[in-house]
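Using the sequences provided together with the hints, build the complete structure.
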Amino acid sequence: MKSLPFRIAFIALLFLALGGALAPWVAPYNPDTITLSEQLSPPNSEHWFGQDRLGRDILSRWLYSARLSLSISFFVVLLSLTFGALIGMISGYRGGWLDEILMRMVDILLAFPGLLLAIALTAVMGPSLFNIIFALSLLGWTSYARLARTQTLSLKNRDYIQATQALGTPIRRIFLKHLLPNLAGPLLVQATFSLAGVILAESSLSFLGLGPQNHPTWGGMLSEGVEYLFRAPTLSIFPGIAIMASVLSLNILGDQLRDKLDPKSKHL
Amino acid sequence: MKKGIRRLALFIPTLWGAVTIVFLLIHLTPGDPVELMLGEYALSTDKAMLRSELGLDQPILAQYFRFLQGLAHADLGHSFAYQTSVFSILIERFPATLELAFASLLIAILIALPLGIAAALRPNSMQDHLCRGFSLLGVSMPNFWLGPLLILIFSIGLNGLPVSGREGFTSLILPALTLGTSLSGILSRMVRASLLDTLGEEYIRAAHARGIPFQRVILKHALKNSLLPVVTILGLQAGALLSGAVITETIFSWPGVGRLLIQGIQMRDYPLVQGTVLFFSLSYLLVHLLVDATIAIIDPRTKESGKES
Amino acid sequence: MRGFLVPILLLLTFAGCSSNSIPNDTLVVGIESNPTQLDPRLATDAYSVRISHLLFDGLLRFNEKGEAIPWIAKNWLNPDPLTYIFTLRSSISFHDGTPLTASDVVYTFESMKDPQLRSPNLATLEALDSVTATHANTVVFRLKEPYIPFLHLLDIGIVPQRQVEQDPQGFRKNPIGTGPFQLDAWKVDDALVLTANLHHFLISPHLKKVIFKIIPNDTTRLLELRKGSVEFVQNAVSPDLLPFLSRSKRLEIIETEGTSYSYLGMNLQDSVLKNLQVRQAMAYALNREEIVQYLLENKAELAAGPLAPPIFGHTDSVEKFFHDPEKAKALLDEAGYEDPDGEGPLPRFSLSYKTTDNPLRKRIAEVLKLQLASVGIELQVRTYEWGTFFSDIQKGNFQLFTLTWVGISEPDILYYLFHSKSAPPQGANRGHYQNVEVDALLEEGRRTLDPEERKKIYREVQKILAEDLPYISLWYPHTLIVMDKRIRGFIPYPNGAFDSFIQVHKETAL
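Residue numbers (our numbering), protein chains in the order written: chain A, 677 to 944; chain B, 3 to 311; chain C, 17 to 526.
Derived from the structure by calculation, the hints contain no laboratory data. One should not assume that every hint holds.
[As the list claims (entries may be wrong)] Taking lysine to any residue pairs in the SDA-like style, the calculated list, with each CA pair at most 20 Å apart, reads:
#1 Lys-81(C) to Pro-95(C)
#2 Lys-203(C) to Phe-166(C)
#3 Lys-243(C) to Ile-155(B)
#4 Lys-49(B) to Thr-52(C)
#5 Lys-315(C) to Lys-936(A)
#6 Lys-203(C) to Ala-50(B)
#7 Lys-385(C) to Ser-804(A)
#8 Lys-129(C) to Gly-113(C)
#9 Lys-411(C) to Thr-31(B)
#10 Lys-203(C) to Phe-89(B)
#11 Lys-129(C) to Met-51(B)
#12 Lys-203(C) to Pro-125(B)
#13 Lys-226(B) to Asp-199(B)
#14 Lys-411(C) to Phe-89(B)
#15 Lys-936(A) to Ser-679(A)
#16 Lys-378(C) to Gln-309(C)
#17 Lys-49(B) to Leu-138(C)
#18 Lys-189(C) to Ile-93(B)
#19 Lys-90(C) to Lys-243(C)
#20 Lys-385(C) to Tyr-705(A)
#21 Lys-936(A) to Leu-154(B)
#22 Lys-90(C) to Phe-166(C)
#23 Lys-189(C) to Glu-94(B)
#24 Lys-49(B) to Tyr-432(C)
#25 Lys-265(C) to Ala-50(B)
#26 Lys-265(C) to Leu-154(B)
#27 Lys-378(C) to Ser-679(A)
#28 Lys-479(C) to Asp-332(C)
#29 Lys-203(C) to Leu-154(B)
#30 Lys-203(C) to Thr-31(B)
#31 Lys-49(B) to Lys-243(C)
#32 Lys-189(C) to Ile-23(B)
[As the list claims (entries may be wrong)] Covered by chain B, per the in silico footprint, the following chain C stretches (three or more residues, Cβ under 8 Å):
#33 217-223
#34 398-412
#35 467-478
Note that the Cβ used here is the ideal one computed from N, Cα and C, for glycine as well.
Put into structure tokens, the structure is as follows:
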């Protein structure tokens, strides 16, 4: 069942991702080249999206931002998914005091207003690319851990897992062969939604001045553009549209995936 | 009941964990509160004196124990910058944030319910897609962009509402709208999903077959039963709401707790940051507890097994 | 679904239509941050100082030209360089009705000398030996050594001894002064409401009310102005956005010379930067005109030294550096830093440059990086959140940074910036500049009574500084005021004081 919105979302994401991946080849200009005399030019035949405060080409920066924003998002989700799923499976499978400790850790992190932890962390460690990914991942893993734990709890009492356990199959094998395949669907759905969440979280950090330095991201471009909402609206419109389009598309994709992979779930 | 007591008992370790993390983070952050307080022209002897007065010259472990000791006596300490007790500042600011949070929830519900219902009535139709798309628009716009746009439209363009500040009911509308729309997306999706679930249930179909008007079926039976997951989601979103408040309060000059935290971090006002985070964590836990209690009341069948706390 | 949305939209459109009208005797001022301390003895941040200046009166006040005007003091004598005798006016009372006495004056200064109070003026009061009330309306100040800038301390507001001592906490929240305005309400991080003091001994303000509204976000502040719900801001709107405001017929933009000074600070203990030729080369490599034109919208003047034109002792006849990349390259070659690959990508050397996460500062950093790259110097830009940045700068943990000195009013600031004894933590000689001649001149400047002689001394200091280049001077930002056209009688002060709110009135709405 491939509906129209799904197709649009898929194409939009593909377009953004390709734009980012191919940025060094398709970007018309160097994104960092400053031409002060042409600052804040509106879109024209040479600069399709116009130029920013320093006369840099917005289209080129926009493409490079796609590269960075989407990769940040991807790595954050990858990291938190891997870590969270592992913790969740161990917690659910082992149970007992280990489960208790791990879940209390999750509680502590959840009781922490997420963005604030990210703010504090990036403030401590300095807003480098790596630190931002680290801080956002530190927040992200908890939801996967809970998801994986719940699923593991319901799976581990199934007969076939009990049977393999009785046969003395190593845990690693049980995890990889039996638990993970069953978890993959819900985790993937969750991952799609959090890709969108991370894009937004990164933009919030940028607004607070804690985004990655010396590299353009959509969030960074947008928060800079909002300053010029009146003088040069194009500065905020293009990165804004990119954020909206990717977040919307990822959500639509997530919905669609859920219907397919995880029809019974109510997880969001 | 037992579970409730267990939950309460777990409050303390959870809070302890949260404040310990924040204590370490803020003390590790480079930047010296004394230099930030005294400004450019201060003498070094002054700085040394202030440092010892604030206990900042002691080893970090000693400071930590002192902080915990204070907590045990329900003393959050004295703010460096405001020079009054952190507790009294929080009490002063809390109503503003609470007001904003409730108004945002209300707006989120007002947007999400109709959209969610409309979407669930004709699943996978154009109407469904439009409603879902529309409800997602709010989420997909960062608050720091949506806020100024709303001001531009409603305060400047239509000349209706105040731009910012907290003066009377009207000044609440725009910040609540900004925060509320970002919440409505996830909420309306939940309304739709759970409504679809209940609509598929036997008794609803039976009621429909008995000739009860469709609207009544929806409002009276289906909606009531799909409320449960919606309430759960509301609880889970409390954290997001508080985080969102940080930015929304800054944009709308709203004198709430979120802004206080940002200022605390900027000024390296250790007690203030610790107190605010403790406060955030506590309210998050309380909301959770409240949500669980509500669910227990709405649905006495709540299963004990497999449910995380 | 329509049933829900339509009422919301209606509500949004019509609610609060009346909120737009500010009464004619009220002025609403937009400020960026909450003042932290209104007690004049403790005020450090700019808004605290400016607002407390409306609530409290000093022995004297300085007008916009920097001339001292008798205020609480009727007159004063300076019989010798170490003695100041002030005669107070009679029948001055605090906002709560209690009369001001000479002992309040004595208390104000003595309490500031008590380190327990942590007054930011403690350092400058070092020179003060004693302050005594010799008569019901006479106060005598005795100095340990001649200290000419001393008079500048005497516009600090006088606080009521009894009220302060009885309830220090209460006084902090509800300061009681003698000033032309009194504090009506202080909603922290929200707004301060000042009302006119009808019983002031000298002047009664035309405005009945001044509201300071705290608006942290730049865009929001701008929108408030545009809507008319804020009528006055000073240096709180980025020059970038003035075109948007000038489109409004209701608003007026005033631009005057300021006393702030933006500079490029350097660590003179650094192995590369201790070389004078390198510093000179950098000064030649910078194209400050370009930055002022494109990033500051011409709202700043190129600077040749730390003292802006309105400040006593300012001079323009010092060595100046204008954009000359060729000369810069030649100087670098001469200094032994040849470019390894000519015009190629390899730099001669690389320097780290620290700045804050403020958007304008970040943009300036980008341009500086580009300009220095054109002569073969690589700049590694590091932006930090203010607290981290400021702490690094104060500790001397930097190679290059830019900052702006705000609120300079006396050439004696140079002692604090460049005297070898002012190295951190004693003062702000953060680059560790050392010059015996400058040290001697700066000490001399504090002692010299004759204004002309004093001017000469500071001119000499500025000349040497321009040769030694401990700082590279960038520009003096202008004071920028955006206000409602109906506001009459506002006089901009170079240091940004709000003092003229005392005389301001608003013309009746058309």
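Each hint tested on the structure:
For the hint linking Lys-81(C) to Pro-95(C), the alpha-carbon distance of about 25 Å lies beyond 20 Å, and the restraint is violated. Between Lys-203(C) and Phe-166(C) the alpha-carbon distance is near 35 Å, which puts this suggested pair outside the 20 Å criterion. Taking the CA atoms of Lys-243(C) and Ile-155(B), the gap is about 12 Å. The hint holds against a cut of 20 Å. At most 20 Å may separate the alpha-carbon atoms for a hinted pair to count; Lys-49(B) and Thr-52(C) meet this at roughly 18 Å.
Restraint check for Lys-315(C) and Lys-936(A): the C-alpha separation of about 60 Å exceeds 20 Å, so the hint is violated. As the CA atoms of Lys-203(C) and Ala-50(B) are separated by approximately 32 Å, the hinted pair breaks the 20 Å bound. This hinted pair checks out: Lys-385(C) and Ser-804(A) have alpha carbons roughly 19 Å apart, not beyond 20 Å. In summary, the hint linking Lys-129(C) to Gly-113(C) is not supported, as the alpha carbons are separated by about 27 Å, beyond the 20 Å threshold.
Taking the CA atoms of Lys-411(C) and Thr-31(B), the gap is near 15 Å; set against the 20 Å cutoff, the hint holds. A distance of roughly 17 Å separates the Cα atoms of Lys-203(C) and Phe-89(B); the hinted pair therefore holds under the 20 Å criterion. Proposed proximity of Lys-129(C) and Met-51(B) is supported: the alpha carbons are some 14 Å apart, at most 20 Å. Note on Lys-203(C) and Pro-125(B): the hinted pairing is violated, with a Cα-Cα distance of about 50 Å set against a maximum of 20 Å.
Distance restraint check for Lys-226(B) and Asp-199(B): the Cα-Cα separation of roughly 12 Å lies within the 20 Å cut-off, and the hinted pair is therefore satisfied. At most 20 Å may separate the alpha-carbon atoms for a hinted pair to count; Lys-411(C) and Phe-89(B) exceed this at roughly 33 Å. As the CA atoms of Lys-936(A) and Ser-679(A) are separated by approximately 13 Å, the hinted pair is consistent with the 20 Å bound. A distance of roughly 16 Å separates the Cα atoms of Lys-378(C) and Gln-309(C); the hinted pair therefore holds under the 20 Å criterion.
The hinted pair formed by Lys-49(B) and Leu-138(C) meets the criterion: a straight-line CA distance of about 12 Å does not exceed 20 Å. In summary, the hint linking Lys-189(C) to Ile-93(B) is supported, as the alpha carbons are separated by about 16 Å, within the 20 Å threshold. Straight-line distance between C-alpha atoms of Lys-90(C) and Lys-243(C) comes to about 44 Å, which puts the hinted pair past the 20 Å bound. Restraint check for Lys-385(C) and Tyr-705(A): satisfied, since their Cα atoms lie roughly 19 Å apart, inside the 20 Å limit.
Restraint check: the Cα-Cα separation between Lys-936(A) and Leu-154(B) comes to about 42 Å, which exceeds 20 Å; the hinted pair is violated. The suggested pairing of Lys-90(C) with Phe-166(C) holds, with an alpha-carbon distance near 18 Å, which does not exceed 20 Å. Between Lys-189(C) and Glu-94(B) the CA atoms are separated by roughly 14 Å; this keeps the pair inside 20 Å, and the hint holds. Distance hint between Lys-49(B) and Tyr-432(C) is fulfilled; the C-alpha atoms sit about 17 Å from each other, no more than 20 Å.
Under the criterion of a C-alpha separation no larger than 20 Å, the hint pairing Lys-265(C) with Ala-50(B) is inconsistent with the structure, at around 53 Å. About 18 Å separates the Cα atoms of Lys-265(C) and Leu-154(B), which keeps this hinted pair within 20 Å; it holds. Between the alpha carbons of Lys-378(C) and Ser-679(A) the distance comes to roughly 45 Å, so the proposed pair goes past 20 Å and is violated. Note on Lys-479(C) and Asp-332(C): the hinted pairing holds, with a Cα-Cα distance of about 9 Å set against a maximum of 20 Å.
For the proposed pair Lys-203(C) and Leu-154(B), the alpha carbon gap of about 26 Å is over 20 Å, so the pair is violated. A distance of roughly 30 Å separates the Cα atoms of Lys-203(C) and Thr-31(B); the hinted pair therefore is violated under the 20 Å criterion. Our distance criterion of 20 Å between C-alpha atoms is broken by Lys-49(B) and Lys-243(C), whose separation comes to about 44 Å. Restraint check for Lys-189(C) and Ile-23(B): not satisfied, since their Cα atoms lie roughly 33 Å apart, outside the 20 Å limit.
As drawn, the segment 217-223 of chain C meets chain B at 0 residues by the rule of a beta-carbon pair under 8 Å; below three, the given contact is violated. A stretch counts as covered by a chain when three or more of its residues have a beta carbon under 8 Å from one of that chain; for the segment 398-412 of chain C and chain B the count is 8, and the coverage holds. With a threshold of 8 Å between beta carbons, the proposed coverage of the segment 467-478 of chain C by chain B is violated, since 0 of its residues qualify and at least three are required.
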